[in-house]
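Use these hints to put chains B and C onto chain A, whose structure you have.
Protein chains in written order, with our numbering: chain A, 6 to 334; chain B, 18 to 236; chain C, 115 to 789.
It is worth saying that the hints were derived from the structure and are not from the lab. Virtual Cβ for every residue (Gly too), placed ideally from N, Cα, C. It is possible that part of the hints are untrue.
Output of the computed footprint for chain A on chain C, the stretches with three or more beta carbons under 8 Å from beta carbons of chain A [stated by the list, open to error]:
| # | stretch |
| --- | --- |
| 1 | 510-516 |
| 2 | 640-651 |
| 3 | 662-672 |
| 4 | 701-710 |
One-sided excerpt, in silico: chain B residues whose CB lies under 8 Å from chain A [as the list claims (entries may be wrong)]:
| # | residue |
| --- | --- |
| 5 | Gly32 |
| 6 | Leu35 |
| 7 | Trp43 |
| 8 | Leu119 |
| 9 | Leu120 |
| 10 | Leu128 |
| 11 | Tyr130 |
Not everything, but these chain B residues come out facing chain C in the computed CB check (under 7 Å) [said to hold, decoys possible]:
| # | residue |
| --- | --- |
| 12 | Ile127 |
| 13 | Val131 |
| 14 | Ser134 |
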Amino acid sequence: MNVLTDVTATDVTAEVLPAVVIALVQVVVFVALAPVLVGLIRQVRARIEGRRGAGVLQPWRDLRKLLAKNPVRAADSGWMLTAGPLALVVSSLVLVVLLPLVGTISVAALPSDLFVIVSVMLIGVVALALVGLDAGTAFGGMGSSRHMTVAALVEPTLLLSVYALSIPAGTSTLSRIVGSRLDDPGIIISPVSLLALVALIIAIMAETGRLPVDNPGTHLELTMLHEAMTLEASGRDLAWLEVGGWLKLAALLGLVANLAAPWGVATEFTVLGVLVGVGAIVVKVLLLGVLLSVGEVFLAKVRLFQVPELLAGSFALAFLAVTASYLVA
Amino acid sequence: MFDSIYAQLVGLCTGALLLTSALMVWRHSLLASIRLLGAQGVALAALVAVIGVQEQEAELLLVALLIVTVKGVGLPWVLAHQSKADVRHIQESPRLNPTAGLLVVTLLTILSYVVVSQLVGLGGSVTSHAVPIGLAMVLIGFLLLITRRRARSQLIGFLLLDNGIATVAFLTSGGVPLLVEFAVSLDVLLVVLILHVFAGRMRTKFGGTDVDLLRELHD
Amino acid sequence: MSAIDAGLIQAGLGLQLLLAVVAVAAALLVSPARRSLTVGVISAALAATGLATGIAALLGAPGSLSLDTVLPMDALTLSPDRLGGLFMAVVSAVGLIVCLFGMSSARGPAASRTAWAAMPVFLVGMQLVPAAADSVSFLLAWEIMTLGSTVLLLADHATRASVSSAGIWYSAMSQLSFFFILAGFAVLAAATGGTSFSAAGSLEPGSAAANLAFVLFILGFGGKAELVPLHVWVPRVLPEAPSHVSAAMSGAMVKIGVYGALLVCVRLLPEAPAWWGIVIMVLGGVSALYGILQASVASDLKVLLAYSTTENMGLIFLGLGASMLLRTSGATGAADAALVAAILLAVSHAAFKATLFLGAGAIIHSTGERNLDRLGGLGRRMPFTAAAFGIGAMGAAALPITSGFVAEWMLLQSLVNGGRLQGDASVAASVAMPLAVAVIALTAGLALLTFVKAYGIAFLARPRSAPASEARDVPGLMRLALGLGALTVLTLGLVPGPIAQAVAAAVPDGSGTVQVVGLAGVGVPGINAVLDPLLLTVLAAVVGIPVLVAMLVSARRHPARISELPWGGGGSRARPRMQYTATSYAEPLVRVFDDVLKPTRDVQVTHAGESRYLVERVTVQQSVSDVFETRFYRPVLQLVQRFGIAVRQIANGSIHRYLTYSFVAFLIVLIAVSL
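Chain A on its own, in the form it takes in the complex (with noise of 0.2 Å):
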């Protein structure tokens, strides 16, 4: 299990091919994923509001909406405008490559490293959050402050929730903890598992801007988050930062369902391993899609001010479940 030795091994193309592989189907494979996932969550629950809703490619038109526009930029934007799209992409698309997603092979020097991801995942929310200081407008600015204040106070319970899910695997590597997952499904109903991930679920709920921390589908600008920071983008900027964050939530729903239920994951490099791989996550996703859609339709925005509660609750979750991960163990 040394990872120091794997790098070193002679054999580097033997190692490095599958790793490129998966990296190269987790890629596509998510990137066409990601705008169905978020159709899929708009849909269903406009069916349950009783509304008709817009279908589930309605996102992939508006890519191709606002793509072919031209973006209208205020004058004293910089060049921040330009460069935070991209940042965020990028950092969502090496999240996608990072995370043990389809398999969970990687290369031995960029293993899928808790901390690297974490950071990986923070230059998004760090490029987000200046492109909405970038206008100078009264909202963006409201908004980016409110996305860092809720960041800043989700990190504990991230770090912390995938720490306790570590702790029974002995690494923090996510594709380690997956696998040993995949080994011994008693530990996923273990109590130290059920808090953690429940703590992980709301820190993501937060950190993708779900209900009940901030409200995707609002028309207030008082009551918005990341919409507020978007809102003097148009055009392909827009389009891009709706890609980088539809790919990220749909990066971390994927996460959670292979924490959650590992099965079909491809541990081995087989292309009927791959093609299973692939067909488990898009169901495990899409069926995540679909519970958060119907849990969002119960579910109030809390007020901003009472989004530390949530937070310091599910802190406490994460802490529990390190502590008794100790006192179980």
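Frame of chain A, contents of chains B and C only:
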């Protein structure tokens, strides 16, 4: 077969006990606290039942049944019964804000873990590993007693404390004798009823059960 | 070979002393017109010599310089070991870019004869503290450093009252630190019978003398390293000093405090009991959280940077304490990694904080403003400063491909791994590690907010004041200094392997802790972790290039339309005052941490005419003060003052009364002797 999942089940039950205790600190509304108390009673009963199956003692299963009826259904029903619409509106404004409260809960849990492991050692058996959770419940119960303003919310803290003591008892000695448990449960029920009646009287007479305000009765 | 090396170190140390004397002489003699340039160049040479000597010592070159004194004691010995060499190199590197910047930026009182004479004194003091091999030369170099920095700080005292106040705080706290360190060395010397550091190893671990010395040293060095609650001088001193001096103080001098703590915990008293580690962890954790909280709500750019220094020092001490605690519970691999991480954090903090303070200096140079609420839009007007400051801010926020990320990653990995101890793990370690991870995570999150605020409010959006809208980028030398700093931050972040390996070799038995893996990445076999930032960058480039190409293609097809008035929140966006400011940016955080920060709010509503409902204007004032200052130092100071007033009654200047005191004392002595 049962041995292999025994540890997981004990862990699950104690985890649920701890979770419900933490949630009681989190939620402000009295109704939610009462429901959580009911859930906690069920979790406690499940714990007793699991231990009973493992130790193969029919008496413990009886105790479990008793706990379900008294702590899982009876007490919450009594607490929530009186003018349910009234209970629904009670929002506690605790002296400690919930965020700080939750952090204190985590610290109390660590403390009980440290204390138990230092004082008696965690031992090898599955149940003794879970003892700190019982102690943590007692401490959290105390916390609720200290920080809640209303008499009825304090009652919740008192019951949480009682649950904690019961958990420790079951985990360390495989349970108190049936008769004792029965008597204690009835005792608690009685205390709750009396307090409940008192609280109701006070409310009709003074218009509130905020303990801080009751200090004025002193004069 | 070693003979040449030995000569090298000796020559390097001698040359530093010589250059310092020459620089002071030049500052006193050269005409004002050429003073900055001449002294700046000589000081830069002094710093460069220190850098070279430090690197040689870091690579293991032996050598020493003995200075005989007229006093009846052992000769002063300067003999840097590897760790000393590392810190000498770090402070000298900061000194070098500070001199480059100062040559061009120093104006007015900051370029006076006194100020320029103090600069080389400050530098040589800092560079020689890590070289000291006995306590007397250590204390001597320490005092030279403190003296130089105090004079530099006071350069501007004639025109600004806040500077004199800062000077008083600084002197008092420095003397307090010095007193504690002196007492610590005195305890050591009394217990072991010698002033040389090598003699200290004979002290029995766990003895009362060792414990006493440890507490005294931590108080002393913790004060210099800005730990809470000894940090009160920081938010006053660092903002008031000229920017290049604050860069040197925060980037370099504070590291000497870290070096002192390392010297004590690693070299002088190596076998620490567990509670030492816990004490240091608590101090570090509290400092990290408190520092970053204050930084995140500060709207003065330099106050923000000053408090962020407290945060970083807190993280370093957290790592050091964790390393000590883990060592006592037998997790050697994780302990070594935590120690290396702490030192890496110190190195990387030197790089990014010096860059950030110099960036703040550049902003002040161009606009005269350091209040973020009055800045904005500088990115278009000062692109070079914006880029350098941005890289520094990324380092401070510990984002990937910067030095800060590598250090924090390693610290977190070692903590997570140390907490995963199985079997006879100590309870303290298994509780402390998750807590430490939580503290670091919250600190990192808040640091992210802090530096997004600092960068976004200062460099993006629209100017909030006239000076900000007329800003121009700084001249060449300042750009060079900024560029060097930013480059160091990136280099340390992109190719951390060799540097981490050198750092690991500098601690005892640490040479195997870190391996270079992949494309100059870091591998830590003891905790089974690997990080390759360059490979990560390649990956980002591979996935980023298609996106970039798509963006460029669509930019050609659909060019952007620039509009004076896009959506803008539905209304006119003509007035820049509608924007969020630094204060409003931190407002949610102030509310969340209301209980810790204890802000004072004052809301004044002016009604229009007679109406109670029509409001003409609402004035809101909110200020966050340092809780430790108002709740701890003020009462103590008041007590001291009251005592002083009481004492004045006893000593009222009357010669008769003094004679009476002497007489009474004489009588008491006589009686005491006769009994």
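Hint check:
no.: 1; hint: 510-516; verdict: holds (count 4)
no.: 2; hint: 640-651; verdict: holds (count 7)
no.: 3; hint: 662-672; verdict: holds (count 5)
no.: 4; hint: 701-710; verdict: holds (count 5)
no.: 5; hint: Gly32; verdict: holds (3 Å)
no.: 6; hint: Leu35; verdict: holds (6 Å)
no.: 7; hint: Trp43; verdict: holds (5 Å)
no.: 8; hint: Leu119; verdict: holds (4 Å)
no.: 9; hint: Leu120; verdict: holds (7 Å)
no.: 10; hint: Leu128; verdict: violated (10 Å)
no.: 11; hint: Tyr130; verdict: holds (6 Å)
no.: 12; hint: Ile127; verdict: holds (5 Å)
no.: 13; hint: Val131; verdict: holds (5 Å)
no.: 14; hint: Ser134; verdict: holds (5 Å)
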